[in-house]
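Trainee: Chain order of the listed sequences is C and S. Just so we're aligned, residue 2 is where the first sequence starts under our numbering, counting upward by one. Just so we're aligned, residue 33 is where the second sequence starts under our numbering, counting upward by one.
Treat the hints as calculated values from the structure; they're not laboratory data. Using N, Cα and C, we set each Cβ at its ideal position, and we do this for glycine too. Treat the hints with care, as some may be off.
Stated by the list, open to error - Once the Cα atoms are required to be at most 30 Å apart in a straight line, the calculated DSSO-like pairs of lysine-lysine come out as:
1) C:K34 x C:K5
2) S:K177 x C:K94
3) C:K333 x S:K270
4) S:K172 x C:K335
5) S:K279 x C:K266
6) C:K182 x S:K188
7) C:K127 x C:K75
8) C:K299 x S:K279
9) C:K94 x S:K247
10) S:K259 x C:K333
11) C:K299 x S:K270
12) C:K268 x S:K172
13) S:K279 x C:K333
14) C:K124 x S:K188
15) S:K188 x C:K146
16) S:K270 x S:K177
17) C:K299 x S:K172
18) C:K335 x S:K149
Stated by the list, open to error - Partner residues are not named here, just some residues of chain C that face chain S (Cβ under 8 Å, in silico):
19) S56
20) G60
21) D117
22) E179
23) E298
24) Q313
25) V317
26) D322
27) V325
As the list claims (entries may be wrong) - Per the computed footprint, the stretches of chain S lying under chain C, defined by three or more beta-carbons under 8 Å from a beta-carbon of chain C, are:
28) 73-80
29) 123-134
30) 267-277
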Amino acid sequence: MGRKIRIIDTTLRDGMHAVSHQFSPDDMAEIAKSLDEAGVDTIEIGHGDGLGGSSFQYGFSAYSDEDYVTAVSKVLKNAKLDVLLLPGIGTKKELEAAAKYGAKVARVATHVTEADVGEQHIKLAKDLGMEAVGFLMMTHMADVKTIVEQAKLFASYGADTIYVTDSAGALTPQGVFERIKAVKEATGLPIGHHAHNNLGLAVANTLAAIEAGADLVDATCKGLGAGAGNTQIEVLVAVLHKLGYETGIDLYKIMDVADDVVVPKMKRPIVIDKNSLTIGYAGVYGSFLLHALRAAEKFGVDARDILFEMGQRRTVGGQEDMIVDVAYELSKNK
Amino acid sequence: MTTKIKAAIIGPGNIGIDLMYKLMDRKYIELDMVVGIIPESEGLKLARENGFKTSHEGIDAILANEEIKIVFDATGARPHLIHAPLLKENNKIAIDLTPAAVGPYVVPVVNLEEHLKSPNVNLVTCGGQATIPIVAAINKVADVKYAEIVATISSKSAGPGTRQNIDEFTQTTARGLVEVGGADKGKAIIILNPAEPPIMMRDTIYTRVANPDEKEITRAVLEMVEKVKQYVPGYQLKVPPIIEGDKVTVMLEIEGAGHYLPKYAGNLDIMTAAAAAAGDRIAQSLLEAKEGN
Numbered sequence: 002m003g004r005k006i007r008i009i010d011t012t013l014r015d016g017m018h019a020v021s022h023q024f025s026p027d028d029m030a031e032i033a034k035s036l037d038e039a040g041v042d043t044i045e046i047g048h049g050d051g052l053g054g055s056s057f058q059y060g061f062s063a064y065s066d067e068d069y070v071t072a073v074s075k076v077l078k079n080a081k082l083d084v085l086l087l088p089g090i091g092t093k094k095e096l097e098a099a100a101k102y103g104a105k106v107a108r109v110a111t112h113v114t115e116a117d118v119g120e121q122h123i124k125l126a127k128d129l130g131m132e133a134v135g136f137l138m139m140t141h142m143a144d145v146k147t148i149v150e151q152a153k154l155f156a157s158y159g160a161d162t163i164y165v166t167d168s169a170g171a172l173t174p175q176g177v178f179e180r181i182k183a184v185k186e187a188t189g190l191p192i193g194h195h196a197h198n199n200l201g202l203a204v205a206n207t208l209a210a211i212e213a214g215a216d217l218v219d220a221t222c223k224g225l226g227a228g229a230g231n232t233q234i235e236v237l238v239a240v241l242h243k244l245g246y247e248t249g250i251d252l253y254k255i256m257d258v259a260d261d262v263v264v265p266k267m268k269r270p271i272v273i274d275k276n277s278l279t280i281g282y283a284g285v286y287g288s289f290l291l292h293a294l295r296a297a298e299k300f301g302v303d304a305r306d307i308l309f310e311m312g313q314r315r316t317v318g319g320q321e322d323m324i325v326d327v328a329y330e331l332s333k334n335k
Numbered sequence: 033m034t035t036k037i038k039a040a041i042i043g044p045g046n047i048g049i050d051l052m053y054k055l056m057d058r059k060y061i062e063l064d065m066v067v068g069i070i071p072e073s074e075g076l077k078l079a080r081e082n083g084f085k086t087s088h089e090g091i092d093a094i095l096a097n098e099e100i101k102i103v104f105d106a107t108g109a110r111p112h113l114i115h116a117p118l119l120k121e122n123n124k125i126a127i128d129l130t131p132a133a134v135g136p137y138v139v140p141v142v143n144l145e146e147h148l149k150s151p152n153v154n155l156v157t158c159g160g161q162a163t164i165p166i167v168a169a170i171n172k173v174a175d176v177k178y179a180e181i182v183a184t185i186s187s188k189s190a191g192p193g194t195r196q197n198i199d200e201f202t203q204t205t206a207r208g209l210v211e212v213g214g215a216d217k218g219k220a221i222i223i224l225n226p227a228e229p230p231i232m233m234r235d236t237i238y239t240r241v242a243n244p245d246e247k248e249i250t251r252a253v254l255e256m257v258e259k260v261k262q263y264v265p266g267y268q269l270k271v272p273p274i275i276e277g278d279k280v281t282v283m284l285e286i287e288g289a290g291h292y293l294p295k296y297a298g299n300l301d302i303m304t305a306a307a308a309a310a311g312d313r314i315a316q317s318l319l320e321a322k323e324g325n
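The shape of chain C in the complex, shown without the other chains (with noise of 0.2 Å):
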């Protein structure tokens, strides 16, 4: 008991799918200010899609990385400025000006199979004098030994950190403890988990992960995220807390971060509604949510019907263009 539990709050980054990344500077700066005084450690910021996200694809989001990173590191006084990289959609010319205006952490993100895609990233984030993470997405599409070499490859490149995560919060708490379990002996690193509600299993998974070993977890305030949204932070500190974890982070404060700064810039709650629980049941990546509801529209089919296609067909984060084209051709086929 006391161990020291490291929460990165993923509420100006993951919640912005939430919000169809329109956020405002001065929303992100108003709310990471006040994450910062109720003690959280990092705060990753930016696109939902991170940094380079803005776009056709993705949704653009009403300010730049730039714009955003500004703000933010302009008010923070103790917390660590964090940004989210998807080799593929951002490049290091991205991170290299994220660096430039404040960043000091990067996480680079990686299909659970693909992490060399993010070499160059890992280390061009090393020579910027950040911290490097290593972020495995979609870790219930692959077994434990896939997980553990890919989490090598990461380490290997420098990465300080690593992350499993459940992006389609799709994974049960033992599938949650095992993944972190082998991952921790294999590279004798920090790591971290990040999980997704969509079963109502976020605080079960975030907490199988820290009996695992895990050293870092993500949380945003109300949940706020992409499908039904991520594991809640007051609600995570709260019950760290009771555990005897130590977070560094002022209950009563976290819950009026919460309650009264971020629930009056949502734009809708975030529940498990029977859309976003399709997605944890099929395994799909998170934020296909608020497209696949618009593409159901338009192609007058179910948005359930779109997700569990999305699953069969094995899709990755990020290839939110194929819920248009199954879309396309469920509604032929009807």
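Dock chain S against the given chain C, drawing on the hints supplied.
Mentor: Frame of chain C; chain S shown alone:
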């Protein structure tokens, strides 16, 4: 009948050997030699079995041969930077399949005619070969302000070169959308999917246009698909063009011809198909120039 223009391939890897098969039975170009640097390589063995001259002495074997006029470089960006000046000094036209981009970007169906006399042409990227024709077609009738493409390829078809320098793909493709496609601005995204059996190459092209004339855009896209099909038979429209306000969405799937590479590797097939088509057209223009003399 007139003699054909002789050509050589440097780099007997997957791409080079697939190209070898595509250069058989061409009208104006004739593959003469395949060179590499490893004597016992599988590629050189296949080239010999198919009756082509081979050498493991790399480019030197080609430079010594005056008859060879066109050289396809399927090595890598770094070797091509060394090869390019040597080929030029020896009056050989280089068709560059690497990311080196010494010469202008060429997409056969869009701008090859402008660069027939260039000593070196570069084939952009697989994503560029697949998507730039569509952007160019839309730009002609609707004026493309912004073009964004998403290329999804099977993990198995992405070699170490692509993986270690994935930024090169996105940046080069984005430049190609502007320089060859005619968009004012460009963005490219690439996604690797490890599903088994491997997925076909898919490309989505989004454009923001000044004149969203649905009829004209649809006609231009359909016409262009037919033109590309002439050299890439597996190139097909997946969903009819979707026009919403000033946004146009076009989705393609590209099945490879399955010459040497598997059919799912449409991304590699479209590069070798473009190279073969460009080579044949350049050879034709060399022959015409000769007759003109």
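Trainee: For each hint, tell me whether it holds in the structure or not.
Mentor: Status of the hints after comparison with the structure:
| no. | hint | verdict |
| --- | --- | --- |
| 1 | C:K34 x C:K5 | holds, 22 Å |
| 2 | S:K177 x C:K94 | holds, 23 Å |
| 3 | C:K333 x S:K270 | holds, 12 Å |
| 4 | S:K172 x C:K335 | violated, 36 Å |
| 5 | S:K279 x C:K266 | holds, 29 Å |
| 6 | C:K182 x S:K188 | holds, 29 Å |
| 7 | C:K127 x C:K75 | holds, 23 Å |
| 8 | C:K299 x S:K279 | holds, 15 Å |
| 9 | C:K94 x S:K247 | violated, 39 Å |
| 10 | S:K259 x C:K333 | holds, 27 Å |
| 11 | C:K299 x S:K270 | holds, 17 Å |
| 12 | C:K268 x S:K172 | violated, 40 Å |
| 13 | S:K279 x C:K333 | holds, 23 Å |
| 14 | C:K124 x S:K188 | holds, 24 Å |
| 15 | S:K188 x C:K146 | holds, 19 Å |
| 16 | S:K270 x S:K177 | holds, 24 Å |
| 17 | C:K299 x S:K172 | holds, 28 Å |
| 18 | C:K335 x S:K149 | violated, 53 Å |
| 19 | S56 | holds, 6 Å |
| 20 | G60 | violated, 12 Å |
| 21 | D117 | holds, 5 Å |
| 22 | E179 | violated, 21 Å |
| 23 | E298 | violated, 12 Å |
| 24 | Q313 | violated, 10 Å |
| 25 | V317 | holds, 5 Å |
| 26 | D322 | holds, 4 Å |
| 27 | V325 | holds, 7 Å |
| 28 | 73-80 | violated (count 0) |
| 29 | 123-134 | violated (count 0) |
| 30 | 267-277 | holds (count 3) |
The structure fails to meet hints 4, 9, 12, 18, 20, 22, 23, 24, 28, 29 from the earlier list, while all remaining hints are met.
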